[in-house]
Amino acid sequence: MNNIMIICRKEIRSYFTSPIAYGLLAFFAFIYGWFFYAAVRFFVQRGTDMMMSGRGGPMDVNEWVIRPLAMNVAVINLFIIPMITMRLFAEEKRSGTIELLATSPIRDIEIILGKWFAAVILYACALLLSLFDVGLLFFYGQPEWKPILVSYLGLLLLGAALLAIGAFLSNTTRNQIVAGISTFAVCLILWVMDWMFAFDQSAVGKAISYISINSRLDNFSKGVLDTKDIIFYLSVVFFGLFMTARSMESLRLRS
Amino acid sequence: MIKVEGLTKRYARTVAVNNISFEVEKGQIVGFLGPNGAGKTTTMRILTCFLPPTEGSAEVAGFDVTKEPMAVKRRIGYLPETPPLYPEMEVEEYIEFVGRLKGMAKGNLGKRIDEVSARCNITDVRKKLIGKLSKGYRQRVGLAAAIIHNPDVLILDEPTAGLDPEQRRETLLLIRELAGDHTIVLSTHILPEVEQTCEKVIIISKGKLVATDSMSNLNSRLRGAEMVAVEVEGRGGSLNKDMVRQKLEQVPGVSRVMHEDSRNNVLRYHVESLEGRSIRADLARAVVSADWNLIELHSIGLSLEEIFLQLTASDKEQAAGGAQ
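Read top to bottom, the protein sequences are chains A and B. Every letter in the first sequence is one number past the one before it in this note's numbering, and letter 186, counting from 1, is 186. Every letter in the second sequence is one number past the one before it in this note's numbering, and letter 216, counting from 1, is 216.
One chain only, chain B, in its complex shape:
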């Protein structure tokens, strides 16, 4: 449904997107993951024909974005990071305007507006001015307008940015519901959102493609190593932080121990396991058998930054290995 090959976008001084290639199949829901400034928005803008690429090609629903932009635009629904709303319009009026812009005939627009309003849960605000709506409603109005013409491809730029957790959950649920009818690309810098919603992930960083894989594959790749937070309290005497570290390092399966914090005789460490090893049980036993108090022990998810570090680091290792 979407085919991107060697896509590059250069601005005057910077390269926003650097030689990215990926494919998205029909009906798939794909997460576009990367920190701020990674080039997510730029890539999406190229796919929606808002910006022309400097090099490379992008195809949406079989049409090239530079050669047949009108055909692409007709088949695409796009929700930018800030929904493009006119505050002085009523919700219904706005959706109708967008529908007409997308080339829908006036006759079947009324029924379609009913459908998308019901789907996006905005039926109760249809007669309200957009300027008076809350952020969550605005997001849903934007989404309703983006799907009004039943596009083949739906492109959502940070659809959950600025929403509270409840709205966030609802929006993601809604997006997942939409997945059956549309091919969806959504961008975010929040990993759990991708885990919840997407089948496939495309990770970019600094304009470069870091990984593109199915969610389950990526999970096992990333979860190979476990990161555990441990808090240890000394009983009676005060604790020596290097002593504790040595003790933790001796636990089988531990690759790295980092001292994080110490206060009131409580020491906090981050412990990383070797790939594929579960170390929590052994850590607990080690602490208790050394006659210390185990205050806290829990597994911490890898942050996006760490994932990037891991992925880019492993890429480098591979490259180095290949060179030898």
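Bound conformation, chain A alone:
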């Protein structure tokens, strides 16, 4: 545990002593704000339209603002996840510092967990920033906080899962660009995978929809907390970190 903390602290420091973290957070805050503004405008527009047509009724902020926003974050993830994970291992391998870690009395899994935690923390910081916009909703309206909490939990789990996959891909190469692009490609594939099977009831269609990583988010964004979804994301995390560990081991056997 102690060793994990040492690695994690070092990673966070290196994120925040370089412009990476700040650029990333600024990018996220800006894009999120943009989507937020669009969602709120749409919501208001709809409200006035309904008033004009005389069908004014209660409108659900959660349904019309929070839910689409959560799905929008999934899109932003496509870009920020690779940015967070691409350097995790690739840079250490290129600069040779991996040799320091590998010859220190610390286990591979501790290195991996420390790095992954640091990535999750940076991602969580980005999510935290977006809470500012969501706070504005509380100022002007009465959204329900429980579904918001659930949708943020979903986003955190989704991010953690993708970060684990990104960590693995970063471990397979010493080139950060390759790591970043392959992570982007995998995230994109996971994102669009179930599109063509949306109405497919065949076994293949069902299987694909089952492992589609973003469709799980829909439940969370609705405020539905299902253990199945949580376990799904956690198993992706486990799978990603397990593959990272295997990759580190194979590096030693081959190189």
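If you are wondering where the hints come from, they were derived from the structure by calculation, not from laboratory data. Some hints here could point you the wrong way.
[What the hints assert, rightly or not] Mimicking PhoX-like on lysine-lysine, the simulated pairs with C-alpha atoms at most 25 Å apart in a straight line are:
{"id": "1", "chain 1": "B", "residue 1": "K128", "chain 2": "A", "residue 2": "K93"}
{"id": "2", "chain 1": "A", "residue 1": "K146", "chain 2": "A", "residue 2": "K93"}
{"id": "3", "chain 1": "B", "residue 1": "K3", "chain 2": "A", "residue 2": "K93"}
{"id": "4", "chain 1": "A", "residue 1": "K93", "chain 2": "B", "residue 2": "K132"}
[As the list claims (entries may be wrong)] Stretches of chain B that chain A covers, calculated by requiring three or more beta carbons in the stretch to come under 8 Å of a beta carbon on chain A:
{"id": "5", "stretch": "50-61"}
{"id": "6", "stretch": "95-105"}
Just so you know, even glycine gets a beta-carbon here, dropped at the ideal spot from N, CA and C.
Mind docking chain B on chain A? Use the hints.
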């Protein structure tokens, strides 16, 4: 302190290290000598548990590298060829990070950082970013980090590579100072460095152990034959290079004369002596008595390649002799 037996490392297509065995005693400073690609780095990586051996065993401080890697890693300080530094960290921060990685408690780390910084002469850059340091400083920061946990064994891979002569001298001096507390293995492909610093030499070539001996023994083995460069100028008429060669060959104690170069009536030769013979005085006399000008005469050290040639050749001769 270090015991290596039948160590072999095979990659997909090549054998990097082939059945190497040697021992290093406590407190010794050992030079690991070989040309590039000889398997020095691979052997060091096995000793530091970075790579597993394909066959054979290696023991460091009484612990087997494959069976108890954690115990080995705790007792070893390793400086790879490029020091594993994080350019975005401050020097002090980096050394502290390494100390924590090696399992040191935070409490006594501060004092220890003072000690190693003073020892490695980096006290004046402690607050600087590593990325802004010169190559010599980086090397010393790497060394300071490698000894932070006071390891029993210190493994240094080409610690002087890429340094200028002054930095090189300082680094070697520092390494020699460290020898009292640690058992040191350092690799290099530069012979004089080993001569200056090491008590014992392990020479490998193409993954095979060529020689392992104390420095003084090896010296006498290698210096048995002397290699002398001679430059001769003709007086008046031009010189015939074969004539000069014949003349030089007649000097007592000369085993071989090689013509190297001729320009503007100056001929250059490399002359090798028989084992244990000093030929410079006789060569000079021979040249002068033939009424030529002696432009230059000096003994040239044997290059590493020649040493390998000599050592491997003598091995072959012995093998051939044994077969008969």
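Hints and how they fare:
no.	hint	in the structure
1	B:K128 with A:K93	holds (24 Å)
2	A:K146 with A:K93	violated (43 Å)
3	B:K3 with A:K93	violated (29 Å)
4	A:K93 with B:K132	holds (21 Å)
5	50-61	holds (count 3)
6	95-105	holds (count 6)
When the structure is compared with the earlier hints, violations turn up for hints 2 and 3 and for no others.
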